[in-house]
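Chains A, B and C are the protein sequences, given in the same order. In case it helps, our numbering puts the first sequence at residues 1 to 276. In case it helps, our numbering puts the second sequence at residues 1 to 324. In case it helps, our numbering puts the third sequence at residues 1 to 381.
These aren't lab readings, by the way, just hints derived from the structure by calculation. Bear in mind that the values here come from a model prediction, so they are computed numbers and not experimental data. Glycine residues also receive a C-beta, built at the ideal position from the N, C-alpha and C atoms. One or more hints might be untrue.
No farther apart than 27 Å at their CA atoms in a straight line, the calculated lysine-lysine pairs in the DSS-like style are these [what the hints assert, rightly or not]:
no.: 1; chain 1: A; residue 1: K190; chain 2: A; residue 2: K257
no.: 2; chain 1: B; residue 1: K169; chain 2: C; residue 2: K374
no.: 3; chain 1: C; residue 1: K374; chain 2: A; residue 2: K124
no.: 4; chain 1: C; residue 1: K95; chain 2: B; residue 2: K164
no.: 5; chain 1: A; residue 1: K163; chain 2: A; residue 2: K142
Stretch by stretch, here's where chain C covers chain B in the computed footprint (C-beta under 8 Å, at least three residues) [to be verified]:
no.: 6; region: 130 to 143
no.: 7; region: 252 to 265
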Amino acid sequence: MVAPLLSPLARVTPPDAASPATPHGHPPLIEVDRLSLYYGAARALHDISFAIPERLVTAFIGPSGCGKSTLLRCFNRMNDLIDNVRLEGSVRIGGEDIYARDIDVIELRKRVGMVFQRSNPFPKTIFDNIAYALRLQGFRRKSEIADIVEQSLHQAALWDEVKDRLHASALGLSGGQQQRLCIARAIAIKPDILLMDEPASALDPLATAKIEDLILDLKRQFTIVIVTHNMQQAARISDATAFFYLGELIEHDATGKIFTNPARKQTEDYVTGRFG
Amino acid sequence: MTASTPTAPPAPPARRFRASTFEPVSFFCTGLTGLATFLILAILALILGNIFLQGGAGLSPRFMFGNADKDMFDVASAGVWPMVFGTAARVILMTLFVIPIGVTTASYLTEYAPALSPFTRIIRGAVNNLAGVPSIVFGLFGLGFFISAVGGTLDVFLYPDSPKPVWGKAALIWASLTLAVMTLPVVIVATEESLRAIPLGLREASLALGATKLQTVLRVVLPQALPGILTGGILAVSRAAGEVAPILFTGAAYYMASLPQSLTDQFMDLAYHVFVLSTQSPDIEKTRPILYGTVVVLLLLTFALNLVAILIRARVRRNLRRLA
Amino acid sequence: MGLHRGHRARPLEWLAEKIILLISLTAILVVFLIFLFVGREAWPVVIGATNSSLAQEYQEIIPPEDFARVPPARLRQYLGLTRQQFEQMDEETLKDLMALRIEAKAQMPDDPDAELNTTEWRYLLGPHQWTGYDRPAYIWQPVSQIHKYNLVPLFIGSLKTTFVALLFAVPLAIAAALYVSQLAPPRAREWLKPGIELLSGIPSVVLGFFALIVMASFFQALFGYPSRLNAFVAGLALGLAVIPVVFSIAEDALTSVPRSYTEAALALGSTRWQAAWQIVLPAALPGVFAATVLGFGRAIGETMVVLMASGNASIVSGNLFDSTRTLTATIAAELAETVVGGHHYRVLFLLGALLFAVTFISNLVGDLVIHRLKGQLEGKR
Numbered sequence: 001m002v003a004p005l006l007s008p009l010a011r012v013t014p015p016d017a018a019s020p021a022t023p024h025g026h027p028p029l030i031e032v033d034r035l036s037l038y039y040g041a042a043r044a045l046h047d048i049s050f051a052i053p054e055r056l057v058t059a060f061i062g063p064s065g066c067g068k069s070t071l072l073r074c075f076n077r078m079n080d081l082i083d084n085v086r087l088e089g090s091v092r093i094g095g096e097d098i099y100a101r102d103i104d105v106i107e108l109r110k111r112v113g114m115v116f117q118r119s120n121p122f123p124k125t126i127f128d129n130i131a132y133a134l135r136l137q138g139f140r141r142k143s144e145i146a147d148i149v150e151q152s153l154h155q156a157a158l159w160d161e162v163k164d165r166l167h168a169s170a171l172g173l174s175g176g177q178q179q180r181l182c183i184a185r186a187i188a189i190k191p192d193i194l195l196m197d198e199p200a201s202a203l204d205p206l207a208t209a210k211i212e213d214l215i216l217d218l219k220r221q222f223t224i225v226i227v228t229h230n231m232q233q234a235a236r237i238s239d240a241t242a243f244f245y246l247g248e249l250i251e252h253d254a255t256g257k258i259f260t261n262p263a264r265k266q267t268e269d270y271v272t273g274r275f276g
Numbered sequence: 001m002t003a004s005t006p007t008a009p010p011a012p013p014a015r016r017f018r019a020s021t022f023e024p025v026s027f028f029c030t031g032l033t034g035l036a037t038f039l040i041l042a043i044l045a046l047i048l049g050n051i052f053l054q055g056g057a058g059l060s061p062r063f064m065f066g067n068a069d070k071d072m073f074d075v076a077s078a079g080v081w082p083m084v085f086g087t088a089a090r091v092i093l094m095t096l097f098v099i100p101i102g103v104t105t106a107s108y109l110t111e112y113a114p115a116l117s118p119f120t121r122i123i124r125g126a127v128n129n130l131a132g133v134p135s136i137v138f139g140l141f142g143l144g145f146f147i148s149a150v151g152g153t154l155d156v157f158l159y160p161d162s163p164k165p166v167w168g169k170a171a172l173i174w175a176s177l178t179l180a181v182m183t184l185p186v187v188i189v190a191t192e193e194s195l196r197a198i199p200l201g202l203r204e205a206s207l208a209l210g211a212t213k214l215q216t217v218l219r220v221v222l223p224q225a226l227p228g229i230l231t232g233g234i235l236a237v238s239r240a241a242g243e244v245a246p247i248l249f250t251g252a253a254y255y256m257a258s259l260p261q262s263l264t265d266q267f268m269d270l271a272y273h274v275f276v277l278s279t280q281s282p283d284i285e286k287t288r289p290i291l292y293g294t295v296v297v298l299l300l301l302t303f304a305l306n307l308v309a310i311l312i313r314a315r316v317r318r319n320l321r322r323l324a
Numbered sequence: 001m002g003l004h005r006g007h008r009a010r011p012l013e014w015l016a017e018k019i020i021l022l023i024s025l026t027a028i029l030v031v032f033l034i035f036l037f038v039g040r041e042a043w044p045v046v047i048g049a050t051n052s053s054l055a056q057e058y059q060e061i062i063p064p065e066d067f068a069r070v071p072p073a074r075l076r077q078y079l080g081l082t083r084q085q086f087e088q089m090d091e092e093t094l095k096d097l098m099a100l101r102i103e104a105k106a107q108m109p110d111d112p113d114a115e116l117n118t119t120e121w122r123y124l125l126g127p128h129q130w131t132g133y134d135r136p137a138y139i140w141q142p143v144s145q146i147h148k149y150n151l152v153p154l155f156i157g158s159l160k161t162t163f164v165a166l167l168f169a170v171p172l173a174i175a176a177a178l179y180v181s182q183l184a185p186p187r188a189r190e191w192l193k194p195g196i197e198l199l200s201g202i203p204s205v206v207l208g209f210f211a212l213i214v215m216a217s218f219f220q221a222l223f224g225y226p227s228r229l230n231a232f233v234a235g236l237a238l239g240l241a242v243i244p245v246v247f248s249i250a251e252d253a254l255t256s257v258p259r260s261y262t263e264a265a266l267a268l269g270s271t272r273w274q275a276a277w278q279i280v281l282p283a284a285l286p287g288v289f290a291a292t293v294l295g296f297g298r299a300i301g302e303t304m305v306v307l308m309a310s311g312n313a314s315i316v317s318g319n320l321f322d323s324t325r326t327l328t329a330t331i332a333a334e335l336a337e338t339v340v341g342g343h344h345y346r347v348l349f350l351l352g353a354l355l356f357a358v359t360f361i362s363n364l365v366g367d368l369v370i371h372r373l374k375g376q377l378e379g380k381r
């Protein structure tokens, strides 16, 4: 296999004692080290350390307000948009400290895509929603853009539904279609990581099932981190699961282990539905 | 766990974030808009600086409270007291009309009116429209309606024998009413905004206690909305105090020997006086100190009020945002 | 439980609600009254019921000997005096005026133009070959011996100053709105917005004063054009009055674009400027358009600035550095001198009615656009 040669990640991050092992033994892509986050004086994340494996689906679960979305937004620095946010500790992606002074946030976000809780297509056509992302990346040739748009829509399992109305407004799509469009938009620029913040929470079961199939399909190419409040969903689609409670990481392990044989009492209580 | 099989496709090469992505276009355009913002503020500062630097020195108690009875163009003796008095009289009188009507209308729109009825939309449309009517048209309206129609009719019934019109001429009351009509939208919009900022829970709490709707509005909602109503009133006063066009034909006098004694008298006016001093002065260089002095007094009146209103409103809006 | 059944009558509550409803109709009533009472004075001109022909005016002669026999109101109308003027004159003066009238009749200009009714629409809008002019011209000269009421010079004056004002104010205000709502650091936004809104607190008479005393001389020294007061200076000062209007509305429209759009764009790796320019601005475009339309309404209706800074010469010219006279300034400057109910008075009310109509339409368009935009953006969420 040529994989080790093509994967400079392994060289950038020599396995040292400080970086925690990931479940499944996959190399870590995102490493969180003693991360704390404050909104003004209130601490939202409490001294979190763990690593997220490459090309697996990692699910963040926990009751609302536990900080899972906040942590997710640390990975593409969307928290920068909020006033009074202060961070301690570090987040490294592929070995790079993304909060280092000379990191370009714009560049980071092009590598770390995000799908939001509520679908947020631009008030443009379906085609232009995706083409916008491509143009940001510097794509100029029309044929090339059209190709990638089609390819992304295929990947997002949306092509058959919209191929006849690519130039109709994206706002005319159903909620589930809009969300898949947002996914298509996010993956069009081929990010390394795809962050998903409860992507199916506003959708009906049928649309949710489609999104879940899509996620399973996408993990062959992307490292996916998904926040969900739906434990069945986490069990169905994720390889690793992290459980958060009150801003702390309680447990992080292979999904099968978290749901069948958790190490911590709190985790067990939560996954069996005793609180949350 | 199939995902952990070693046959997963090879990882794409890691891409680094440090690649320089300085976007000259974005940087340039952001700078340009920032410059526009700065330019507007700089012009504002320039105007205020010019006026206060040149006019501030001339302010003295004698100027503020002196009369203009000798010669209003005489730098040594002219004072602006009659104008300050006239302006104050017309705006105070105006608030007596505009505040009750404006607050009632705003209460109707937020508390009673069905949100989507065409009728409500017509009222809102009328309010918006009124806000955009040119001030000179209000002047014409004051002349055509208040003076000719209302005043003329009053004269026919009250003073049929008087050779001179009593009500049917330019007067303090008509100028105030014209301004009240003009500032009605200001009060309505400000009051409505503050009424909307009041949480629904407060109304529900009151209604749940068995209060009637009227009681809820009078005892719970309006007291809470007081800052907004105050803002509306202040903005209306500030706007009206600086207006000249609507009072040109409805009440302002070029010169009067004494202060107005009754509602049907004409009055001298600060804002109108700025116009008179700027355009009718026999020697603009010589009368410059009183001109600048008058402008400063006018600005102190309107601008200070405006500043207060904007500060209160910014606070109301912040609260509104916190609720949203 | 002894729960009271049926509605208890609350007459006071009922009455109060009705009164509140009635009072809130004031706004509608006022718009209607403006329409009615400004329109009423202008109506005779619209339907051609006014006559400014001097032949008609001098047809009737009342000799001074008949002074006692004519009712005062009739006499006042005959002499063309305002009520105030009439009251202040004693019998002798009035008789002198009547004698003058007879002399004037004798000296009535031997000019074919004197026969014309200049308040007819073709003279109001079309050019006319006046005696002594080389070619047909558009002329506004209401107080000359032959009253020339052509509105075209005034339209041109209003459009010229408005054009300059919008050209100056709209780009500046929209750029500032974009900066304040999308690009500025949040902390700066808190004081930038009220700062710019403060501009709307400067009375227009003060802007006019500033244009007249400071700006006019400054720009003349800078550009060296001959007439100190002109459409350019008036337009710039007018722009200062327009900026806060356009800024407030555009800023509001830009801010009401859902944050999720911006977030989506930023998450894709766009810069703040790209998100603002490519996503937020297009979404808020109708609002920005409305801001411009409402700014136009504000500019064309503003009186004091143009009255003081435009020079007030009714010249038909495309040159922005010529002195110019607008609709609003004409009303303000001339109405006090007219005879109530006379043709000059009515033509000025016609100008007012036209202004009202123009601003009415621009407000309506602006409000409809904003309403629809807000509906779209909010309905989407």
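Status of each hint after checking the structure:
no., hint, result
1, K190(A) x K257(A), "violated, 31 Å"
2, K169(B) x K374(C), "violated, 45 Å"
3, K374(C) x K124(A), "holds, 17 Å"
4, K95(C) x K164(B), "holds, 20 Å"
5, K163(A) x K142(A), "holds, 17 Å"
6, 130 to 143, "holds (count 13)"
7, 252 to 265, "violated (count 0)"
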